[in-house]
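S.K.: Chains as they are written, first to last, in the working numbering: chain A, 1 to 63; chain B, 64 to 450.
Incorrect hints may appear among the rest.
Said to hold, decoys possible - To give an idea of the chain B side of the interface with chain A (calculated C-beta under 7 Å), a few residues:
id : residue
1  : GLU83
2  : VAL87
3  : ARG430
4  : PRO431
5  : ALA432
6  : GLN433
What the hints assert, rightly or not - Below, a sample of chain B positions facing chain A; criterion: calculated Cβ distance under 10 Å:
id : residue
7  : THR80
8  : ARG86
9  : PRO127
10 : GLU352
11 : ARG355
12 : SER373
13 : TYR375
14 : LYS435
Simulated from the structure, these hints should not be mistaken for lab results.
Using N, Cα and C, we set each Cβ at its ideal position, and we do this for glycine too.
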Amino acid sequence: VRVSADTARCEGHGLCEEVAPAMYELDDNAVVAVVHEKVPPELERLAEAGARVCPVAALKVVR
Amino acid sequence: VKFKRIVVVGGSIAALTAVETLRVEGFDGSITVLSDEKGPPYTRVPLSKTVLAGLVSEDDVALPTASDLVDLRLQVRAHGLDVQRRVVHTSAGAVPFDGLVIATGARARTMRRRPGGERVLRDIEHSRSLRADLAKASSVLVVGGGFLGMEIASTCCELGKDVTIVDREPPLERLLGPLVGARIRTAARESGVRIRVAEGGVELVGGKTPSGARLADGEVLDADIVVSAVGDLPNVEWLSGSGLDVEGGVRVDAWCRARPNIVAAGDVATQTGPDGSCRRTPSWTNAVEQARAAARALLHAEKATPYRPSHYYWTEQFGLDVKMVGRPGSDGTPAISEGSVDRPPALLEWRASGTAYRVVAMNHGIRPAQLKRLVPAPAIGNFSNLP
Chain A
1 VRVSADTARC EGHGLCEEVA PAMYELDDNA VVAVVHEKVP PELERLAEAG
51 ARVCPVAALK VVR
Chain B
64 VKFKRIVVVG GSIAALTAVE TLRVEGFDGS ITVLSDEKGP PYTRVPLSKT
114 VLAGLVSEDD VALPTASDLV DLRLQVRAHG LDVQRRVVHT SAGAVPFDGL
164 VIATGARART MRRRPGGERV LRDIEHSRSL RADLAKASSV LVVGGGFLGM
214 EIASTCCELG KDVTIVDREP PLERLLGPLV GARIRTAARE SGVRIRVAEG
264 GVELVGGKTP SGARLADGEV LDADIVVSAV GDLPNVEWLS GSGLDVEGGV
314 RVDAWCRARP NIVAAGDVAT QTGPDGSCRR TPSWTNAVEQ ARAAARALLH
364 AEKATPYRPS HYYWTEQFGL DVKMVGRPGS DGTPAISEGS VDRPPALLEW
414 RASGTAYRVV AMNHGIRPAQ LKRLVPAPAI GNFSNLP
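Could you put the whole structure together from the sequences, leaning on the hints where they help?
M.R.: Right, dumping it as structure tokens:
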């Protein structure tokens, strides 16, 4: 399971980081950075929750 | 985790966020969502904007619900709660629970005691019927100059309608203060909107479907379509007799709890702030954040973090994109830290004792997460900054 982040699409709402700080971080410019590109099994559900909350659909969890 | 069966009453963003949070936090019992809506959950945010303008399809507003997470029951209306027996009474029979999330939201307040044909904008059917009727109309009167009323006016302008907005106070003044309020009103006027301030209030006139509003001095503002955007009322009637305190909303503690096994979140919940006043925070951001806090408190009690709202708000109207962090209010004078309010982009900061307690960005590229970083969390909750 991997996470892809479309940083061009990211608007810096920061909801992914609020929901899933273990998976997503915002840099100083409030652009998303994925913590684990290959998602550890115990974080899969969290990764999906953080991706689902993105208001501009910049995050995709790919199985 | 001690619960086996959690019931969520409500079918909008607070309800769905609670479900998602319960699963992320490891709750593996059953979750039943009782929604009285006709269709699956959707987001209300674009109903006054792109949906009303016909720019997006109704499929675009659907909220994703992972069906494996939850048993979603549509068209089920809760009409009673038995706190002791742990049962929600509904139009489809009794539904037992161990833990309960109350997320029944709010409905549009109306001007008339018997609303009947009074037009409001709260759910997707309102947006759909208003859009259809706008196609046959040339003039629109919006009663109420808050965020919603102004967004409706803006969309109607874009659709080429002749728009009037009437309120007791200058629109947005109480929410955004005189400087920002006046700037948005200028943008509205430049778009062709007539703004009428009726200090004595107005009364709707016409038959079942209002055809205008009468001012205190007798003048009548007529329009093909009259829309009331005069606030909302929490949906708490179903809880009367339950023993819960539902005066002005479901009253909850700092963890969003009404009872150890009953939490409330979103437009229906009212919480006491640091100044002792109890209020609801009916906004999209609050619904999401409060639902998360409520779900965690249901599972972890006091070990969960008490709820602290971010007070992030945004609105788009008359070519202005406004983002705000901090409690809405008309107090204080902001410093212009970047740009110009007359010619946005602009970034404004309200400060007390050297600390920002509210920031507003107008047509400014700053990202929401960056805007939130400008206001230290404790300053937001510090009600003593307010008059």
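S.K.: For every hint, state whether the structure bears it out.
M.R.: Against the structure, the hints:
no.: 1; hint: GLU83; result: holds, 6 Å
no.: 2; hint: VAL87; result: holds, 5 Å
no.: 3; hint: ARG430; result: holds, 3 Å
no.: 4; hint: PRO431; result: holds, 5 Å
no.: 5; hint: ALA432; result: holds, 3 Å
no.: 6; hint: GLN433; result: holds, 5 Å
no.: 7; hint: THR80; result: holds, 8 Å
no.: 8; hint: ARG86; result: holds, 7 Å
no.: 9; hint: PRO127; result: holds, 6 Å
no.: 10; hint: GLU352; result: holds, 8 Å
no.: 11; hint: ARG355; result: holds, 7 Å
no.: 12; hint: SER373; result: holds, 9 Å
no.: 13; hint: TYR375; result: holds, 9 Å
no.: 14; hint: LYS435; result: holds, 7 Å
Checked against the numbered hints given earlier, the structure satisfies every one of them.
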